[in-house]
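Top to bottom, those sequences are chains Z and L.
If you use this note's numbering, the first sequence corresponds to residues 947 to 1399, in order.
If you use this note's numbering, the second sequence corresponds to residues 2 to 105, in order.
Calculated directly from the structure, the hints in this document are not laboratory data.
Just to be clear, a hint being listed does not mean it is correct.
As the list claims (entries may be wrong) - In silico negatives: residues of chain Z with every beta carbon more than 12 Å from chain L:
| id | residue |
| --- | --- |
| 1 | K1001 |
| 2 | L1043 |
| 3 | R1067 |
| 4 | N1074 |
| 5 | L1247 |
| 6 | G1249 |
| 7 | S1264 |
| 8 | G1268 |
| 9 | D1281 |
| 10 | A1321 |
| 11 | K1327 |
| 12 | K1339 |
| 13 | E1343 |
| 14 | K1345 |
| 15 | K1373 |
| 16 | G1379 |
Claimed, not checked - Sample of chain Z residues facing chain L (criterion: CB under 8 Å; computed from the structure):
| id | residue |
| --- | --- |
| 17 | G1113 |
| 18 | F1232 |
| 19 | G1337 |
| 20 | Y1380 |
What the hints assert, rightly or not - Below 25 Å or equal to it, Euclidean Cα-Cα: the simulated BS3-like pairs (lysine-lysine) are:
| id | chain 1 | residue 1 | chain 2 | residue 2 |
| --- | --- | --- | --- | --- |
| 21 | Z | K1373 | Z | K1309 |
| 22 | Z | K1327 | L | K47 |
| 23 | Z | K1309 | L | K55 |
| 24 | Z | K1309 | L | K47 |
| 25 | L | K8 | Z | K1327 |
| 26 | Z | K1345 | Z | K994 |
Predicted model, so just to flag it, every value in this text is computed and none were measured.
Just so it is clear, CB atoms sit at the ideal spot from N, CA and C, and this is done for glycine as well.
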Amino acid sequence: MRDKVLIGYGQGFWGDSILGPVRLVREGPLHYLALDYLAEVTMSIMQKLKGRNPKAGYATDFVAMLDRTLPDIVGKGVRVIANAGGVNPGACLDAVLDLARKKGIKGLKVGIIEGDDIQARIPELLQNGHGLANMDDGRALTSVQDRILSANVYIGAFAVAECLAQGAQIVIGGRLTDPALVAGPMIHEFGWQPGDWDKLAAGTMAGHIAECGAQCTGGNYTNWRDVQDFVRIGYPVIEASPDGTFVVTKHDGTGGLVNRETVISQLLYEMGDPRRYLGPDCTADFTSARIEEVGKDRVRLSGIRGGPATDTYKVSISYQNGFKTTGQLTVSGPDAVAKAKLCADIVWGRLALDGCTFEDHEKLVEIVGAGVCHAGIVEAKDPPEVVLRLGVKCNDEDKVDRFGMEIVPLVTSGPPGVTGFAGGRPKATDIVGYWPALLRKDQVKTRVRVEVS
Amino acid sequence: MARVKLKAFAFARSGDKGDGSNVGIFVKTRADFELIRRQLTTDAVKRHFAAICKGEVIRYEAENMLALNFILRDSLGGGGSESLKTDAQGKTHGLALLEMEVER
Chain Z
947 MRDKVLIGYG QGFWGDSILG PVRLVREGPL HYLALDYLAE VTMSIMQKLK
997 GRNPKAGYAT DFVAMLDRTL PDIVGKGVRV IANAGGVNPG ACLDAVLDLA
1047 RKKGIKGLKV GIIEGDDIQA RIPELLQNGH GLANMDDGRA LTSVQDRILS
1097 ANVYIGAFAV AECLAQGAQI VIGGRLTDPA LVAGPMIHEF GWQPGDWDKL
1147 AAGTMAGHIA ECGAQCTGGN YTNWRDVQDF VRIGYPVIEA SPDGTFVVTK
1197 HDGTGGLVNR ETVISQLLYE MGDPRRYLGP DCTADFTSAR IEEVGKDRVR
1247 LSGIRGGPAT DTYKVSISYQ NGFKTTGQLT VSGPDAVAKA KLCADIVWGR
1297 LALDGCTFED HEKLVEIVGA GVCHAGIVEA KDPPEVVLRL GVKCNDEDKV
1347 DRFGMEIVPL VTSGPPGVTG FAGGRPKATD IVGYWPALLR KDQVKTRVRV
1397 EVS
Chain L
2 MARVKLKAFA FARSGDKGDG SNVGIFVKTR ADFELIRRQL TTDAVKRHFA
52 AICKGEVIRY EAENMLALNF ILRDSLGGGG SESLKTDAQG KTHGLALLEM
102 EVER
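For reference, chain L alone in the conformation it holds in the complex (with noise of 0.2 Å):
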């Protein structure tokens, strides 16, 4: 077991929902859907976000996809037009969650 950033083996994209994000994640073997799994709690991808993500973290599963999906409520400054932000539609976060470490 090493500490690896998901960036080494998963996959990302994000984009927005009203005033949150929504940030899939998916990897390519069952091993690794598993670990995601058991690793990418609420808890732990709220921590990861703290700073960005001033809401509730709310997680699915999709086992087709080998996918999990987090909405992070309260994210994006307003969202929409609201936003001053300048990644007002959460287009990053998912490269941002692929920067979490776990145990691979």
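Extracted from the complex, chain Z is given alone in its bound form (with noise of 0.2 Å):
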């Protein structure tokens, strides 16, 4: 057994820079790499790519970061661990393997985790009396059963380590939790066992501090002045012990900063109770950790506690719950904040003109630069511009894209100094309404499965 195992996170949501994972395979020693491609609405994009061509519906991105780092990756023997799988892991297993060809890589190992995706049974579901009900409201599924886009089980840690122990150095997943990716190898090495609550949740609580990727080594952070060198910032290394301790640290010679502050800055991101920090593995005591700076760029956490995870999965659901869109135009002083009143106020009065209304709670009207993020505490006075954000909801798409045709007329038929309107007319796209639930866990088998190329 190793007694430090490394592990570095380089994605930490789908869109990340590829510069977290290339430069964390090249610039430091690296037994794991855990990147993270998804979020809610990430499913039913990916769902609906899947429905056009079944050879789609996971993160391309993902391949095209092996495309650049695997002769890197098989060379150093670093193992992967990515939720890149999204709707469709057996597509992105292919791709990955038609790569490793391409490239003249033979014996590599690929792994998936399958199981996670329960769309296809929720009917099945629904008559066996597993109800799925709105976890925030209570609401019956079958509210909007014919509108759902997609629906996943958050499959936790073990899934990982066995797809580990079936010797996978790239294991692809579905719907992983963020933090399995990193407790995952964690079990696979020490041997954790269901029932190690402590160990468990210290895998758990390092996952949740990497699993936003730079967030925790000094992206974000409040004394953002004393973060050096933003433009090569590293990406967080988890330095884990068999004993559930573990180092939050980065590469030597990378930018950013790690210190207590940091650190804990990201625990609290995202975060509910957090004496009761739910996964599918165990539930996790945040407040037990101490928290210690043990180096430059090294800090420490122990004494963690956990305790039994509960009976159920968690489980998220998307639907297409009405249409949306917003426009902005820039609106220069003298005047500015009044004159982009007026301006909003035309827009809706016209589309009354024209017998189209909406509620207020559907309508959106923003004067970014005067006061929209820090609304009621921060506020300019008299911002020589700003910038007219308008937008609208509704469950009607032709009122939605008739909005969009009201905005740019103001730049000729407004108040002066109305400019900047760029990209054409908005246009309605899809709202994707999200539904967490609860699931048994006895409903839910999860498969591993592994080729070579």
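Combine the two chains into a complex, taking the hints into account.
Right, dumping it as structure tokens:
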């Protein structure tokens, strides 16, 4: 058994910089590279793509990343864990095997984890009394059943460990939890078992710290002036030990900053009750951790306690929930704010003249530059210019498109100083509703398959 | 004692939780932790975010981090893909809290 396992986290979300994984692999020692490619909305987009093409529906960015890094990954023996499979892990597997063959890499073991996608099983589950009611408001799933776009169970770290145990160097999952990408290799390396609650909680907490990539190494940090060299910001490396303690660090010579404050900042990100962080493998108590700086850019966490997981998995369901669009114009001074307000009134007034009206909660007016993000807290009285953002949402796609046609006319038929209209008329896009639910664990079976290039 | 803004000594990070945001705030000393624990009541935070947060404010404590974590319910205009707002994920709510004045 290794006494230290190095797990890098190179992709905090779909769209993160490719330099994260590329530099993690090249610029220092690494045993595992974890990568997150999914968000709630991503799964619905991927289902749509798969509907049009049975070989689509996974994160093609992942394959593009491997195209640049696979020789290094193979050369250094780095094992890769990614939820890049989206709603089609099998197609992602084929694409990675094709890429390996194209590069003349033989014997690369690529594994997939399936079983998280329950969309096709929803009628059967409902029939058998699994209501999948909305966790937030208790609504029954039947109220949106005909509009479901995707449905996935959040799978935990033991499925990752199983895929590693079967020898996969590249592990591709669908909707794995972000922390599972980090806890999985710890379970595999250290032989942790279900019931090792404290250690599983430590793995979960390490995963939570790393799961947004550079957000624990100086990115989005309150004291941003203390952060050196954002350009070459180092992505996180977790140095894990068999007893569940771990150090958060980054490669030597990279930019960014790891200290107690950058780590605590990320621990608090998207946090609910810090005493009860629920995951598929355990419940973690974030208030139990001892957090200390043990060197330059090195923060150790120890003493973490955990408890049993619940007997349900969290399910993420997405559904079509109407249409929306937003458009924007720049309004210069003098009197930029007053003119922007007038512009908004003109748009709503002209739409009403044409019989197109929206409820208040369906409309958005933002005067960016005058105090939007911190509305009511910090506002500018007379900025030299503002960006006027207007938006609507409703169930009628035609009305949303009608709105989109009334923005650009302001340039010539409104107050002076209106400019900056780019990108054509805003068009209606789908609103993807998010439906969190719970499903009994005995209803979900994950399957692992490993193939060789 | 003087009126100072939290940004003079505290750190924050925020993100989304459904249609609410979470705002984590922490400090570096026990004295400052006792200060924010005493002064950052759910009522005070709700008042500070009156124009943003339309729902309930919930508070959790994490003493090991000298941190408080607030959930600002109904503060994202629907949240996720449903929101039209620029800051649909509450990414800037942490810095907004740091603009609050306290007695220190």
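Each hint, compared with the structure:
1. Every CB of chain L lies more than 12 Å from the CB of K1001/Z, the least distance being 26 Å, so the non-interface label holds.
2. With 12 Å as the threshold on Cβ separation, the claim that L1043/Z sits away from chain L holds: the shortest Cβ distance comes to roughly 33 Å.
3. Residue-level check passed: R1067/Z sits 24 Å from the nearest beta carbon of chain L, beyond 12 Å.
4. Separation of N1074/Z from chain L is adequate, the least Cβ-Cβ distance of about 27 Å exceeding the 12 Å criterion.
5. Distance check on L1247/Z: its Cβ comes as close as 10 Å (rounded) to a Cβ of chain L, failing to clear the 12 Å threshold; non-interface status is violated.
6. For G1249/Z, the non-interface assignment is contradicted: its Cβ lies about 9 Å from the closest Cβ of chain L, within the 12 Å cut-off.
7. With a least beta-carbon separation of about 8 Å from chain L, S1264/Z fails to lie farther than 12 Å from that chain, contradicting its non-interface assignment.
8. The claim that G1268/Z is not at the interface with chain L is violated, since a C-beta of that chain comes within 12 Å of its own (minimum 8 Å).
9. Every Cβ of chain L is farther than 12 Å from the Cβ of D1281/Z; the closest lies at roughly 22 Å, confirming the non-interface assignment.
10. The Cβ of A1321/Z sits about 4 Å from the closest Cβ of chain L, inside the 12 Å cut-off, so the non-interface label is violated.
11. No beta-carbon of chain L is positioned within 12 Å of the beta-carbon of K1327/Z; the least distance is around 16 Å.
12. At roughly 6 Å, the least C-beta separation between K1339/Z and chain L is not larger than 12 Å, which violates its mark as non-interface.
13. Residue placement check: E1343/Z keeps its beta carbon more than 12 Å from all beta carbons of chain L (closest about 15 Å).
14. With a least beta-carbon separation of about 14 Å from chain L, K1345/Z lies farther than 12 Å from that chain, consistent with its non-interface assignment.
15. Separation of K1373/Z from chain L is adequate, the least Cβ-Cβ distance of about 15 Å exceeding the 12 Å criterion.
16. Here G1379/Z does not stay apart from chain L, with its beta-carbon only about 6 Å from theirs, under the 12 Å limit.
17. At a threshold of 8 Å, the smallest CB-CB gap from G1113/Z to chain L is about 37 Å, leaving the interface hint violated.
18. At its closest, the beta carbon of F1232/Z sits 6 Å from a beta carbon of chain L; the interface hint therefore holds under the 8 Å criterion.
19. Contact between G1337/Z and chain L, as hinted, is supported at the beta carbon level, the nearest pair being about 4 Å apart and thus within 8 Å.
20. Annotation: interface hint on Y1380/Z holds; nearest CB of chain L at approximately 5 Å, less than 8 Å.
21. Taking the CA atoms of K1373/Z and K1309/Z, the gap is about 15 Å. The hint holds against a cut of 25 Å.
22. Of the pairs offered as hints, the one joining K1327/Z and K47/L holds, with about 24 Å between alpha carbons and a cut-off of 25 Å not exceeded.
23. A distance of roughly 16 Å separates the Cα atoms of K1309/Z and K55/L; the hinted pair therefore holds under the 25 Å criterion.
24. Proximity of K1309/Z to K47/L is assessed by CA-CA distance (about 24 Å); at most 25 Å being required, the pair is judged to hold.
25. A distance of roughly 22 Å separates the Cα atoms of K8/L and K1327/Z; the hinted pair therefore holds under the 25 Å criterion.
26. Restraint check for K1345/Z and K994/Z: the C-alpha separation of about 24 Å stays at or below 25 Å, so the hint holds.
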